[in-house]
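Chains as they are written, first to last, in this note's numbering: chain A, 9 to 427; chain B, 28 to 547.
Honestly, I wouldn't trust all of these hints.
[To be verified] Distance condition first, Cα-Cα at most 27 angstroms in a straight line; then the derived DSS-like pairs of lysine-lysine:
| # | chain 1 | residue 1 | chain 2 | residue 2 |
| --- | --- | --- | --- | --- |
| 1 | A | 324 | A | 346 |
| 2 | A | 249 | A | 333 |
| 3 | B | 372 | A | 108 |
| 4 | A | 228 | B | 257 |
| 5 | B | 265 | A | 141 |
| 6 | A | 24 | B | 257 |
| 7 | A | 141 | B | 266 |
Just so you know, the hints here were simulated from the structure itself, not pulled from any lab data.
Given the structure is predicted, the values throughout are model-derived calculations rather than measurements.
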Amino acid sequence: MSTFDNENNGKEFHAKFSDIHPHHDQVISIPLATSIKASKKYIPSIMTISMSNIYPFLIIIDNCLNRILWLHNTHYHYFNYVIFIFLSMKYFLQETVRFKFDDILTAWLGLVSTIILCTSILYYIVALFHDLKTADPPTIEDIINQIDSITNKLRILQRESFFSSRKSYSVTSICKIITISSVIQWILIKWISITIQKYVLICVIASVCYHCDWVQYTLKLIWRITLVRNIYHWDDIIWKKWFGGAPVTNLETLIKYTDNRQPHREEQEPGINESFVIKDWYIDLDHYHHVDQENENAEPKILKILEIIIWENQRKWLHLGWLTKLFPYERGQFSIVKNQEGNEHIDCNNPLSFEQVDDHYKWLEDSWQIDDWIYSTSSWEYVGLSDSIECYTRSRPWKRKVALFPSVKDLPLYEKKTQ
Amino acid sequence: MSSSSSLKKGGVKSYLSKQYDRVLDSLLVMEESLSGLQPPSSSTKAAGPMSSKDIFHMVAGSLVNASIEKIRPEREDLLENNDLTLADTNASDELIDGLDGKTASVKELPSETKDHFLEIFLDRLITRLTPTYLPEREHFHEIAKPREPPVSAAVLAGNFKKLGGKMDSLLEFRDSFIRLLTWRNPSGTITMLILFTLICYNPMYLILLPLFEVMYGTIIAAYSFRHPLKRDVYPTRKKYGRSLLYEIFNGGPSTAIPIPTSENQHVASIANEDHDAEILHNPNEDLSGSAKVIVNLRDLQDMTTGLVELNDSITHFNTEVTGFRDEYRSTKVFLKFGLLFLTLKLISPYINWSFVISALAWVTLILMHPKLRKILENSKENPESDVEEPTLSSEKNYDIVLDEKPEIRTVELFEIYQQGIIPRYWRFLKFSNTVFDTSDPYRKAQQPPPGVLQLDEVLPPKNWEFDKNYPWEVDHHVASWAAEKGLEMEIEGEFLYDSLFKRRRLTRKVLKYANPTLNS
Numbered sequence: 009m010s011t012f013d014n015e016n017n018g019k020e021f022h023a024k025f026s027d028i029h030p031h032h033d034q035v036i037s038i039p040l041a042t043s044i045k046a047s048k049k050y051i052p053s054i055m056t057i058s059m060s061n062i063y064p065f066l067i068i069i070d071n072c073l074n075r076i077l078w079l080h081n082t083h084y085h086y087f088n089y090v091i092f093i094f095l096s097m098k099y100f101l102q103e104t105v106r107f108k109f110d111d112i113l114t115a116w117l118g119l120v121s122t123i124i125l126c127t128s129i130l131y132y133i134v135a136l137f138h139d140l141k142t143a144d145p146p147t148i149e150d151i152i153n154q155i156d157s158i159t160n161k162l163r164i165l166q167r168e169s170f171f172s173s174r175k176s177y178s179v180t181s182i183c184k185i186i187t188i189s190s191v192i193q194w195i196l197i198k199w200i201s202i203t204i205q206k207y208v209l210i211c212v213i214a215s216v217c218y219h220c221d222w223v224q225y226t227l228k229l230i231w232r233i234t235l236v237r238n239i240y241h242w243d244d245i246i247w248k249k250w251f252g253g254a255p256v257t258n259l260e261t262l263i264k265y266t267d268n269r270q271p272h273r274e275e276q277e278p279g280i281n282e283s284f285v286i287k288d289w290y291i292d293l294d295h296y297h298h299v300d301q302e303n304e305n306a307e308p309k310i311l312k313i314l315e316i317i318i319w320e321n322q323r324k325w326l327h328l329g330w331l332t333k334l335f336p337y338e339r340g341q342f343s344i345v346k347n348q349e350g351n352e353h354i355d356c357n358n359p360l361s362f363e364q365v366d367d368h369y370k371w372l373e374d375s376w377q378i379d380d381w382i383y384s385t386s387s388w389e390y391v392g393l394s395d396s397i398e399c400y401t402r403s404r405p406w407k408r409k410v411a412l413f414p415s416v417k418d419l420p421l422y423e424k425k426t427q
Numbered sequence: 028m029s030s031s032s033s034l035k036k037g038g039v040k041s042y043l044s045k046q047y048d049r050v051l052d053s054l055l056v057m058e059e060s061l062s063g064l065q066p067p068s069s070s071t072k073a074a075g076p077m078s079s080k081d082i083f084h085m086v087a088g089s090l091v092n093a094s095i096e097k098i099r100p101e102r103e104d105l106l107e108n109n110d111l112t113l114a115d116t117n118a119s120d121e122l123i124d125g126l127d128g129k130t131a132s133v134k135e136l137p138s139e140t141k142d143h144f145l146e147i148f149l150d151r152l153i154t155r156l157t158p159t160y161l162p163e164r165e166h167f168h169e170i171a172k173p174r175e176p177p178v179s180a181a182v183l184a185g186n187f188k189k190l191g192g193k194m195d196s197l198l199e200f201r202d203s204f205i206r207l208l209t210w211r212n213p214s215g216t217i218t219m220l221i222l223f224t225l226i227c228y229n230p231m232y233l234i235l236l237p238l239f240e241v242m243y244g245t246i247i248a249a250y251s252f253r254h255p256l257k258r259d260v261y262p263t264r265k266k267y268g269r270s271l272l273y274e275i276f277n278g279g280p281s282t283a284i285p286i287p288t289s290e291n292q293h294v295a296s297i298a299n300e301d302h303d304a305e306i307l308h309n310p311n312e313d314l315s316g317s318a319k320v321i322v323n324l325r326d327l328q329d330m331t332t333g334l335v336e337l338n339d340s341i342t343h344f345n346t347e348v349t350g351f352r353d354e355y356r357s358t359k360v361f362l363k364f365g366l367l368f369l370t371l372k373l374i375s376p377y378i379n380w381s382f383v384i385s386a387l388a389w390v391t392l393i394l395m396h397p398k399l400r401k402i403l404e405n406s407k408e409n410p411e412s413d414v415e416e417p418t419l420s421s422e423k424n425y426d427i428v429l430d431e432k433p434e435i436r437t438v439e440l441f442e443i444y445q446q447g448i449i450p451r452y453w454r455f456l457k458f459s460n461t462v463f464d465t466s467d468p469y470r471k472a473q474q475p476p477p478g479v480l481q482l483d484e485v486l487p488p489k490n491w492e493f494d495k496n497y498p499w500e501v502d503h504h505v506a507s508w509a510a511e512k513g514l515e516m517e518i519e520g521e522f523l524y525d526s527l528f529k530r531r532r533l534t535r536k537v538l539k540y541a542n543p544t545l546n547s
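Chain B extracted, bound-state conformation:
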């Protein structure tokens, strides 16, 4: 008896909670329909920035939405724990589902149950602020995903968090690369140059070396960590003697704070017999957790800043140097490149490229050596001050002629007059782009056409300019331009008449030297 009553109680409870969810769902739907659909797809958004009122609406809507969604999964959890669901409540649920089918679709939305409120809120806000259809990127697989996942603060933050923790290898790679270029690891730099020379002489090494790197940099490294060679070496208390190559080529100490690397670790000295214990308590591990993430995020930030700077310099090159903003310079650059191309093409069969490129690499890196660079800079500074800079302007003007013919087109304008009270009296209305005939939408709306009152106020099309030698001219061939525009009206002199308005066509020459630069 008691069990059946508790069963009933549970059933009622679940029924009630389900009803409560229905209410929440309907609230959601209402709210979506009110605020959610308005801004993104409408044309008003494209026309101008959103008003603060719109933004307020959306923020408020997102807030409500997020709070509803935050409550709902908790309810669902409760419900799942309650296994007692009666058949008749199910039936009634189905009935309700049938009544408003919308609820079912809304219910699918929050798949991730336990997010933070703020994250849900941000996600909602982002989805509202962005248009519903974002452009797609290329995918490797055609049917991999129907759509790109929407922008989500939670996913973005999560990815950054994960990256921040696991970017060590990438950053370490960057560090070692810098160390190699600055001769802080002289043996490494020489090895790199030797390998580069090998690649120059036999490009097959481009495949072989990465393979080798995977074999020894990754696999053997992992193997040596698991099964170290049992080479316990006595520690040397004092190091006598020096390496000649190191003395000559060392470019200075590393600027980074030294981190214990695997190379340092495998020379396990006999002094620290408890090598295993030391691995367990790696000092680097102490920098784990949030601090490490922060350090890596800082480095990531630096890298992105560097990327932005690189992008800027590329853009600068594209606009200033090769983009014909400076016509003289770009022309010269093109011609120089062309000359270089031709010479290289012609002399290439007679040159030992393997040698030239590898020698170039050696020379460049040797010149980049900090010690040598200092000397070179010192020697450069003195004579440079004596040499006068060649006067660019005088040279610039004569060897390249920039006399391209401008593009010429004609613009038209209609001088529109309105009929006054007396049929013979015409009042000037406007200078306009439209003919303002009977089919004109402005005329239909009984409004004046867009235009100006003074001829001086008329501006040439964007990037074009008026030819000052040619003022506005009245087009006397009325019949022909009327026919071209498909207008059948009375012609009197230079005017074209209809019942209320007359107009004449003015033309003027416009000129354009060049389109604006591409990337400006």
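Extracted from the complex, chain A is given alone in its bound form:
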């Protein structure tokens, strides 16, 4: 007991990380090894044999992935290989070798690099098979671990890919990517007049270096630039500008959008206070249209009561705090939900600008009800009700109920009167 007491005496007590495998990834995946262990199933012998047969190839694939991800070795090592690849590519892409010292030198270096690359690959494979022959045969756990390692690396590749920050791989987005990249290629070759050889060279080197951690860090730092984000989302901006519709400026459109979004709630029983307002309004309307007082109780049936929700949006800026400055491709300072799923927003005017009412509508409440902020990530994914370092955006709803006559003509009262 006393030893336990001493251990924590005067020391801060920290929680420890859990040992269970799932990583920091958003995509939580259970490794194959764990799942097999958990299932405690018998693995058929033919399976074991085939697995041990593919083991060397798994190692080779794993090593290839290491090379793509620049893992398990120094930057020097990979840099040298990039240079070798560059030189041998240059040699193979060269059309003619002129009888000039530099050209001959380049050709010679290219040949040497090609030989070095080929022999080192061969040497690796030969050494690998030799090592496997001399070493103890792999256990089933080793093989499964290798498979897990490969899947994990493939997942890293996927996560770090250029378009991973886009929300979905929809057909339209793939089409967009293809269009844009073709245009860029066309511009490069036609207008900047880069030869195809050079273009291929650049592409190969870029793809070899892309998963180097330095490149990844550079991209992450470049991603911090506002302009880069705007360029990356240029299609969204254009989409929003041309097809997304103009921002909502009048109450009628506002009600239209809200109405479309809430098809199932069209008829609501008004509360006591609201019914007073409605009653008052009816009296006014009656007066205006010379409606009979007797039909008062029958009327609320065709009356729609909608709760209008306008979201006020803000983004957190370092050192500046929460500001209404938002990116042009995301929602504006005030927005309303456009679709039924509730993930598409359309810009909207300040709620205070909708005070003017028509004959058809009437605010059931004197003012907007403002709720608490709802915090979300940088890409507007809901987090919670309190601010944390995970939260970069927040929105809060401005709610107000409105009652509307769809149209004066639709009113049975009106019809009655005209009759």
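Given chain A's structure and the hints, the job is docking chain B onto it.
Quick look at chain B alone, frame taken from chain A:
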């Protein structure tokens, strides 16, 4: 009532303590004037080493001085805590200040209050032992500082302490450089050579590469530490296969004790999920504090030793090879360099320098590879024993002629005679450098002039030698040398007379082949 009495008490207390300080100050001033000003500026110091008595005086003085200064700041602290100072005590203080203005100047001296006694003592001692005006070094800014700060043991020790703690990067750089040169990091060496080649072909890389180094070596390193890429990689239990390049080029394991570097850290394996906790308890951190300082100081010492050795070899080169201590060798070196200069200048337009220099670098480093060097050394040893060393002396004497004419000058000496009791009797006094006329200071002081009694004892000027073919000669042109020296005296034969002394002038040729070497 009670408050006013306590006020008064405090006032008296502070007044007394101030008085006590006055006494200390005056002691300081006295002490300074006694021992402090004597040795440094006086000419006696330059003439010879200090006597042990002087040193004792100074050490004792410094000891007293330091102890007084040690006491005083403590008193001041006490006084500052006592806010109660009365107006009349202030007035009296001002009066005292007015009386002896020196105290004020002394009071400014100890600005740093809480130093160790030993440090104060050492500082005092150093200031006493060194002359008051030290030569100044060049500064970037003209009015940055009026003077270099004085030598201070405290500052020196503090700087070393700070350096000792923070020299990791410098030492690590040195380590990695050695690793690169010895092929212990073969990929690194090849990368270095590739980069060197790039620089050779386009010197713009001299600017680009440091920029890149700052971007990725410093900024991205810091960024990756703060926001690591979330690449949890499964640890490989066994490594199969080998890299060809590594197998061929590896120059052997590192001789240094491996230290966890950032490169090792960023490949965070999934096995140690509590990566953050590991950063907090870095094993390298355990070597913190005094041990680390000591290790770094040892390395610093090694580096300074290396610097001294380098300096020695440079000095050796400057004196022995190029300094004409060995006239033959230096002449030959100069001619060789000249020939090389001319050839290089003439052929330079026809040479692809980028290629030559980069190829040279590749060849040198490949030859420096430990494996290859071993082979080369083995192959060299065998034939070397057969080849006889060419007889240097025979060759040396004929291809270069060293027959420079020596510098010739004349030295003079005055043979001085003193008049005896009888006017006709002259007694030989001395061979001297001075004419010993009436205006001579030694004569005025009624002392014999400096000189010797025997002609053999006269030595040539330093670095010169007498020409043995020309003995001392008496100068017969008395009138002319007397006129040259502005002497108006009687001339009789070869002598120049005045009332008590006569002298004649002896001359002799002296020769000098060369000045001594510059850096000897």
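Hints breached by this structure: Checked against the structure, no hint fails, so every one of them is satisfied.
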